[in-house]
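Trainee: Just so you know, the sequences run in chain order A and B.
Heads up, the final residue of the first sequence is numbered 578 in the numbering used here, and it's a clean run with no missing numbers.
Heads up, the final residue of the second sequence is numbered 578 in the numbering used here, and it's a clean run with no missing numbers.
Hints are computed from structural coordinates only; laboratory data are not their basis.
Since the structure is predicted, the reported quantities are computational estimates derived from the model, not experimental observations.
Certain hints may be false.
Here are the simulated DSBU-like pairs of lysine-lysine, each with C-alpha atoms no more than 35 angstroms apart in a straight line [to be verified]:
(1) Lys364/B x Lys389/A
(2) Lys347/B x Lys539/A
(3) Lys395/A x Lys364/B
(4) Lys74/A x Lys538/B
(5) Lys127/B x Lys2/B
(6) Lys58/A x Lys538/B
(7) Lys74/B x Lys273/B
(8) Lys388/B x Lys567/A
(9) Lys539/B x Lys67/A
(10) Lys550/B x Lys347/A
(11) Lys232/B x Lys389/B
(12) Lys67/A x Lys550/B
(13) Lys499/A x Lys395/B
(14) Lys127/B x Lys550/A
(15) Lys127/B x Lys273/A
(16) Lys372/B x Lys232/B
(17) Lys262/A x Lys232/B
(18) Lys567/A x Lys512/B
(19) Lys538/B x Lys550/A
(20) Lys322/A x Lys388/B
(21) Lys74/B x Lys388/A
(22) Lys567/A x Lys24/B
(23) Lys389/B x Lys499/A
(24) Lys538/A x Lys58/B
(25) Lys512/B x Lys58/A
(26) Lys58/A x Lys499/B
Here are the in silico distance ranges between beta carbons for each label pair [what the hints assert, rightly or not]:
(27) Thr530/A x Asp70/B: 26 to 34 angstroms
(28) Lys181/B x Gln257/A: 43 to 51 angstroms
(29) Lys539/A x Lys276/B: 37 to 45 angstroms
(30) Lys127/B x Arg488/A: 51 to 59 angstroms
(31) Arg542/A x Asp70/B: 21 to 29 angstroms
(32) Lys539/A x Ile66/B: 41 to 49 angstroms
(33) Thr380/B x Arg542/A: 34 to 42 angstroms
(34) Gln498/A x Ala474/B: 50 to 58 angstroms
(35) Gln498/A x Asp361/B: 42 to 50 angstroms
(36) Lys539/A x Asp70/B: 46 to 54 angstroms
(37) Ser255/B x Gly129/A: 40 to 48 angstroms
The beta-carbon is built from N, C-alpha and C at its ideal position, and this holds for glycine as well.
2 protein chains.
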Amino acid sequence: MKKLRICNAQINCRVGDLYGNAGKIIDNIQTAKESEADIVTFPELAICGYPPEDLLLKPYFVHENIKALDEVVKNTRGITAVVGFVAQNDGLYNAAAIISDGEIKGVYKKVFLPNYSVFDESRYFTKGGSEGLIFELNGVRFAVNICEDIWYASGPLVKQAMGAGAELIINISASPFYTDKIRVRENMLKTRATDNLVMLSYTNMTGGQDELVFDGGSMIVDCLGNVIARAKRFAEDIIFADLDIESVVRRRLYSPQRKLEKSMFTHDVGSVKTVKITTAVAARKSRKIAAAAQEPMGSVEEVYHALCLGVKDYVTKNGFAKVVIGLSGGIDSALTAAIAVHALGAKSVVGVTMPSRYSSDETKSDAGKLAKNLGIRLITIPIDGLYKKYLDDLKDIFGDTATGIAEENLQARIRGNMLMALSNKFGWLVLSTGNKSEVSVGYCTLYGDMVGGFSVLKDVYKTVVYRLSGYINARSGTQVIPDTTIQREPSAELRPDQKDSDSLPDYDTLDKILHYYIEMDFCLEEIVETGFDLELVKKVVRMVDVNEYKRRQSPPGIKITPKAFGKDRRMPITKVSI
Amino acid sequence: MKKLRICNAQINCRVGDLYGNAGKIIDNIQTAKESEADIVTFPELAICGYPPEDLLLKPYFVHENIKALDEVVKNTRGITAVVGFVAQNDGLYNAAAIISDGEIKGVYKKVFLPNYSVFDESRYFTKGGSEGLIFELNGVRFAVNICEDIWYASGPLVKQAMGAGAELIINISASPFYTDKIRVRENMLKTRATDNLVMLSYTNMTGGQDELVFDGGSMIVDCLGNVIARAKRFAEDIIFADLDIESVVRRRLYSPQRKLEKSMFTHDVGSVKTVKITTAVAARKSRKIAAAAQEPMGSVEEVYHALCLGVKDYVTKNGFAKVVIGLSGGIDSALTAAIAVHALGAKSVVGVTMPSRYSSDETKSDAGKLAKNLGIRLITIPIDGLYKKYLDDLKDIFGDTATGIAEENLQARIRGNMLMALSNKFGWLVLSTGNKSEVSVGYCTLYGDMVGGFSVLKDVYKTVVYRLSGYINARSGTQVIPDTTIQREPSAELRPDQKDSDSLPDYDTLDKILHYYIEMDFCLEEIVETGFDLELVKKVVRMVDVNEYKRRQSPPGIKITPKAFGKDRRMPITKVSI
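Turn these sequences into a full structure, and let the hints steer you where they fit.
Mentor: In C-alpha cells, the structure reads:
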C-alpha cells in the first residue's frame, strides 16, 4: 500500500529574519519528525519572509538567505522538507528546495509570477520552468509548485499530475487575506484535486506584514476533493495527514472520465526528471493522526481576527510593548481600542481622551466607559487651552477670515501632537483610528487624527465598523463598546453641532458608491446606473480623487478588501480626473 | 533625393487630461504643418500622460483615451504624426499610433516593458510584438519603437533597421531624469544610429509628475551619430530637421562593415509588413531649418532645473497659486525657497519664521536676509508660548522624565501645525525642506518639519544642497542665500547648542555611506572596505533601516538620483535587518 504521512507547518515568518526563520523551520522539522511524518512543508519564501520587497535587490541578502537554507538542510536527517527560499543563478527565482536527509534533492522555481494588486514579483524574479521535476518518495510520486502556480487550471499542476503522473502536489503559498478569500481558495483547491485526481497539500503563511495579513488556513485535500486536514486561521499551526496514495492509483486506473481526459490530453509536458528519495525513516509507530477540524469563520469574524493579527504582528514585530490611541468617544476609536486589547492585552493599551469646547458630555463619558469596559489606562488631556493659544498666535495673520477648516484641523493636530509626544516620551506606538470611508473621501485631518504608526481600520468601511462593533459585543456577551457610542450619530466634534452627515451622504450610500468606484473601477455612469444620483456620485468621486495626497502620507493599514489603499491601489496624486 | 522633414514635439502632458493633451498635440501638429514637416512625433503615452499608474485599471479611462486619440486623428490632414496612447484588444498595450491624413496607418506596441526602479509596466501592459511594422513615406522607410525598446542592442531597432531596412527610427519616450542620465541616453542613441546606419528621432516627455521629472532633451541623430537637432531641457520645445535619407542609402551600400555585419546577420526578423503612406504635402518652400544648438548642462545646473520644474509642475498642476515654506535660517529651507522663487515667482512664495528659545540671533537674522534677498513675504510666528503651554499641559504625565526627543519634536510639530494652519486658511501648499541625508537617517520630525505637500530636497544629499546653494549664488552674481547660512555649522536648534554633528557624522562621510548603502546596495563589509569605520557604518545603516516608517509617511519629492525614496525603493517597514 502506497502511503505517506505529510505535515504542513504553517508558520509566521519575519521578513528579513533569515536565521530566525531558519530556526523556526528547524524546530518544526523536529516536531514533524517526532510525529513520524515522511515529509514536512513550509510556506512560500519561508526563509526570508513574504514579501521581502526591495531587500531582494541586495546581493548579500540573497546570499545570506542561501546560507540560512543550508542550516535547514543540515537538519533534515530522516525526513523530507519543502522549504521556500530565493534561488539564484542567472537571475533570482521564487523557489522551493526539496530537501531530504541533509541534501537538496531538487529546486522548483515558481512559473506564474503575480505582478498585480499588492504583488510585484516581476520586479524581482525570473520566471521558472521546473514543472517537470518529479520526486519519488517511498514509491509515491510528488511534485511541488508555488502559490500563484496553482491558481491556473492549465498551470504547472496539470503537467505535473496529469502529464507526469504525480500523485501528490505540494503547493507552498503566501496568500494574503481579504474577506471571504478562504472560500475561493478552498473551492479552487478542491477542483484542482478532483480535476487531476491528485492529493493536494497547501501550506499558507500566517502573520501580519505591514499592509498584509496572511491568514493561514492551510489544508490537505484528497483526490476526491475532501479536506482531510485543516489548519487554524490567523495563527501558527502544524497539521498532519496520512495520505492513502493507493486510492489515487485506483481512481486513476478505473475512472472513465480520467481515461477520456487522458486520451484528449495534448499538453506538451516536455522532459520529466524523476528524483528518487529514500529516507531512512525510523520504524513507524501506528500513531493516530487526527484530521483537525476547524469551523469555517463567518466574514465578520474573520475580518476581526485579521485585524487583531495585523495589529499584533505590526506592533510586536516592530518591537513595541504598548500602543496609545486617542479615544474620542466615537465608534472608530472604540473599535480600534477593542481590537488592540484583543491583540495585545489591556495592559499594553493606553487611551487618551482630549476633549475640547466642542466635545459633548456624552462622548466624554463614552470614552471613560469604554476604557473601563476594556480595563485600559485612560489619560485625559483637555486641549482647549492650547487651541485658544494657537488662535491667539494666529489672530493677526488670520485677520477677519471666517472660521473654517483651518480652525477645525488645528484641534485635530493638537491631538495628534499630544499622541506623538506620548509616543516619543514613553515609546508607545500610536494607532490611528480612521476608517476606509473617511480615508476615501478625505474626511480626516492629515497630521491630526491621521497620525500614527499603524492605521487599523484603513480598509474597513464605516458600515463594517458597525458590524464589527456589534460582533465584539455579541462575542463577549457584554457591552464592550457602549451602546451610546454605537447609537450616536457620527460627528468629528470640531465645530458646534457638527455631524458627518453635514458633509457626507449616509454611510450606507457612501460605502456602496465607494465600493463601486474603488474596488470595481466603475465610471460615473455605471455607478449612477446602480441607482444613485449623478450629482452625489460626482461629489463622492471627486472627494476620492482629490484626497490622494492625504492617503499617500497615511500610515499603513490592514488590507481586508480586494482593493485596499496602499500598494494595492497606486494612483497618481497629480492628475486630471475625467 | 530621398529627404524627409521631421519634427519632434516635446510636450508637457498632464496625467489623466486626455482631451487637454489631445488638444496640445493638435496645436503642435498645426505648428509642424506650418513648418512643412512631413512627420511630427510626440512622447510616449502623450494622450494620457506618464505614468498613468492605476488609472489604467479603469476601463472607461482607456476607452476615453482612444476617443481622445480620435480627435487627434481628425487633425492630421497633410501630415504624418506618431502619437503615444494606450491600445486595447486582448490586453492593454503601451502603443504608438502612426497617423496620416486622417487615418491610423498602423499601431506599434511596446515590446520591452520596464518593471524595475520607478516603473511598473508589467502591472498594466501586455508585451507587444509589432517590430515588423515598417512605413514608407515619400519613399523613405521608417519604423517606430517606444522608450525602453531602444535601450537594448538586440531589441526591436535591430530588426527594424538592420533586418527590415528602415532608414529612420522614431523612438517616443517618457524617460525620467536623474543626474547625468542625458549623457548616458545620448551616447546610447549615437551608438544605435551608427551600429544600424539609421537616422534616429528621439522624442522625450518634459514636465514634472509627482516624484518624476521628465527632462526633455529630445534629439535627432544622423546615421553617423551626429546630433543634428536638440531640444531644450526641462521645457516644452519643438525641433525640426531635414533628414538626408540618401546618405543612409549610400552608407549602407558602401560601408564594408555593414556588408560584413549583414552577412553575419542571423536574427529572425519574422514577417515584415510595409505600410505605404502618401501624404498630400503642400508645395514646400525651401525654408531653412536650423538645428537648434543647446549647450549641455553641468550636473549641478541640471539638478537645479529639474528641481525647479518639479516644483513648478507639482504646484501648478495641482492647482495651487502659492506655496509656504518654514524658514529656519538654515541652508535647506533657504535653498527650497530659492528654488520655489525661481519656479513660481517671488509673489507666489511665502516664508514663515517660527523662532523658539533655542533659535540663535544669527539664524533669525538669516531668515530675514533670505526673504529680503528673494523678495518674498515673511511671516513671523514665535512658538515659545505654545511650546510652554504644551509642556505645562503634559507636565503631570511626563513627570520627572528627562527632557529629550519628545520635547524636541514638540517644537517641530508646533511649526508643522502653524504651516498647515496657514495652508488650510489661505490655500497655500506647504513645501517641506528636509534633504536626502536627513530623510535617510530619520534626522527629521514626522508631522513636524516633514509636513508638506511636496518635499523638494527629498532626493538631494546635504553635500549637494551646498553645491546647489553655491551655484545659485554664482548664477545670480549676488548673495541670494546668505554666506552666513552657508558657513554656519548645521543645527536643528531644538535644544541648547545642538549641532547635527552631535548625532551624525560629518555630511561628507554620511553621504558617501548613504550612497553606498542606498544606491549601490552594498553590504556592511563592502562599505567598510571603501574606507569607513565598521561601528559608524553599522550605526548609519541601522538609522536608515529603522526610519522606513517615517519615509513612508513623507510627502513625495523629486527624484534626481538613480535610486530615490518612494516608488524607486520599496522597503518593508516591518523587517529584521541582517
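Trainee: None of the hints should be skipped; say for each whether it holds.
Mentor: Results of checking the hints against the structure:
no. : hint                                    : result
1   : Lys364/B x Lys389/A                     : holds (23 angstroms)
2   : Lys347/B x Lys539/A                     : holds (33 angstroms)
3   : Lys395/A x Lys364/B                     : holds (22 angstroms)
4   : Lys74/A x Lys538/B                      : holds (30 angstroms)
5   : Lys127/B x Lys2/B                       : holds (34 angstroms)
6   : Lys58/A x Lys538/B                      : holds (16 angstroms)
7   : Lys74/B x Lys273/B                      : holds (25 angstroms)
8   : Lys388/B x Lys567/A                     : violated (41 angstroms)
9   : Lys539/B x Lys67/A                      : holds (25 angstroms)
10  : Lys550/B x Lys347/A                     : holds (27 angstroms)
11  : Lys232/B x Lys389/B                     : violated (54 angstroms)
12  : Lys67/A x Lys550/B                      : holds (32 angstroms)
13  : Lys499/A x Lys395/B                     : holds (34 angstroms)
14  : Lys127/B x Lys550/A                     : holds (34 angstroms)
15  : Lys127/B x Lys273/A                     : holds (31 angstroms)
16  : Lys372/B x Lys232/B                     : holds (32 angstroms)
17  : Lys262/A x Lys232/B                     : violated (65 angstroms)
18  : Lys567/A x Lys512/B                     : holds (31 angstroms)
19  : Lys538/B x Lys550/A                     : holds (34 angstroms)
20  : Lys322/A x Lys388/B                     : holds (27 angstroms)
21  : Lys74/B x Lys388/A                      : violated (62 angstroms)
22  : Lys567/A x Lys24/B                      : holds (33 angstroms)
23  : Lys389/B x Lys499/A                     : holds (30 angstroms)
24  : Lys538/A x Lys58/B                      : holds (16 angstroms)
25  : Lys512/B x Lys58/A                      : holds (18 angstroms)
26  : Lys58/A x Lys499/B                      : holds (33 angstroms)
27  : Thr530/A x Asp70/B: 26 to 34 angstroms  : holds (29 angstroms)
28  : Lys181/B x Gln257/A: 43 to 51 angstroms : violated (59 angstroms)
29  : Lys539/A x Lys276/B: 37 to 45 angstroms : violated (52 angstroms)
30  : Lys127/B x Arg488/A: 51 to 59 angstroms : holds (55 angstroms)
31  : Arg542/A x Asp70/B: 21 to 29 angstroms  : holds (26 angstroms)
32  : Lys539/A x Ile66/B: 41 to 49 angstroms  : violated (28 angstroms)
33  : Thr380/B x Arg542/A: 34 to 42 angstroms : holds (37 angstroms)
34  : Gln498/A x Ala474/B: 50 to 58 angstroms : holds (54 angstroms)
35  : Gln498/A x Asp361/B: 42 to 50 angstroms : holds (44 angstroms)
36  : Lys539/A x Asp70/B: 46 to 54 angstroms  : violated (30 angstroms)
37  : Ser255/B x Gly129/A: 40 to 48 angstroms : holds (41 angstroms)
Violated hints, listed in ascending order, are 8, 11, 17, 21, 28, 29, 32, 36; each of the other numbered hints is respected by the structure.
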